[in-house]
Amino acid sequence: MAARKRNSLGEIIISDDVLATLAGISAMECYGIVGMAAKRPTDGLVELLGLENLSKGVKVNTQENEVYINLYIIVEYGISIATVAKNVMETVKYNIENFTGMTVKRVDISVEGIRV
Numbered sequence: 000m001a002a003r004k005r006n007s008l009g010e011i012i013i014s015d016d017v018l019a020t021l022a023g024i025s026a027m028e029c030y031g032i033v034g035m036a037a038k039r040p041t042d043g044l045v046e047l048l049g050l051e052n053l054s055k056g057v058k059v060n061t062q063e064n065e066v067y068i069n070l071y072i073i074v075e076y077g078i079s080i081a082t083v084a085k086n087v088m089e090t091v092k093y094n095i096e097n098f099t100g101m102t103v104k105r106v107d108i109s110v111e112g113i114r115v
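Just so you know, we're using numbering that gives the first Met the number 0 here: the sequence shown kicks off at 0 and counts up by one.
Since no wrong hints were added, every one of them can be taken at face value.
Cβ pair distances, simulated, as ranges:
#1 K58 - Y93: 18 to 24 Å
#2 Y67 - V115: 29 to 35 Å
#3 K85 - N64: 22 to 28 Å
#4 I113 - I12: 35 to 41 Å
#5 S79 - S14: 30 to 36 Å
#6 G77 - E10: 45 to 51 Å
#7 R105 - V17: 14 to 20 Å
#8 G77 - S14: 34 to 40 Å
#9 I12 - S109: 24 to 30 Å
#10 S109 - N64: 21 to 27 Å
Straight-line C-alpha distance at most 25 Å; calculated SDA-like pairs for lysine to any residue:
#11 K58 - E89
#12 K92 - Y67
#13 K92 - A1
#14 K92 - M27
#15 K92 - S14
#16 K104 - D16
#17 K58 - M101
#18 K85 - G31
#19 K55 - Y67
#20 K104 - R3
#21 K58 - I11
#22 K55 - Y30
#23 K92 - T82
#24 K85 - R105
#25 K104 - N6
#26 K58 - I80
#27 K104 - T20
Rather than coming from a laboratory, the hints here were simulated on the basis of the structure. A virtual CB, placed ideally from N, CA and C, is assigned to each residue, including glycine.
Turn these sequences into a full structure, and let the hints guide you.
Next up, the structure:
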């Protein structure tokens, strides 16, 4: 699905891929994040994604004017996971709402690994 926003001039459609890329970039700005993660379905291993594939570590679901985001991250060893996750949630929510005008209802974080 895509997010739709109407104003007096017409309709704006923002694809889920754009929202996922924006969420991935926002997450990578946060301290303690090593990268986004993607599970390979064949062997269940977690893969660290590069900057060009950030949206693969993000799942976005839109319902009308509301956005639900799932992020799969890899954190740095020695950092409080709860603090990093809270910071990522707040940053992603703020950036999506600020850039798109949509309402972020939920940001879920799955920590897929720790990197030294």
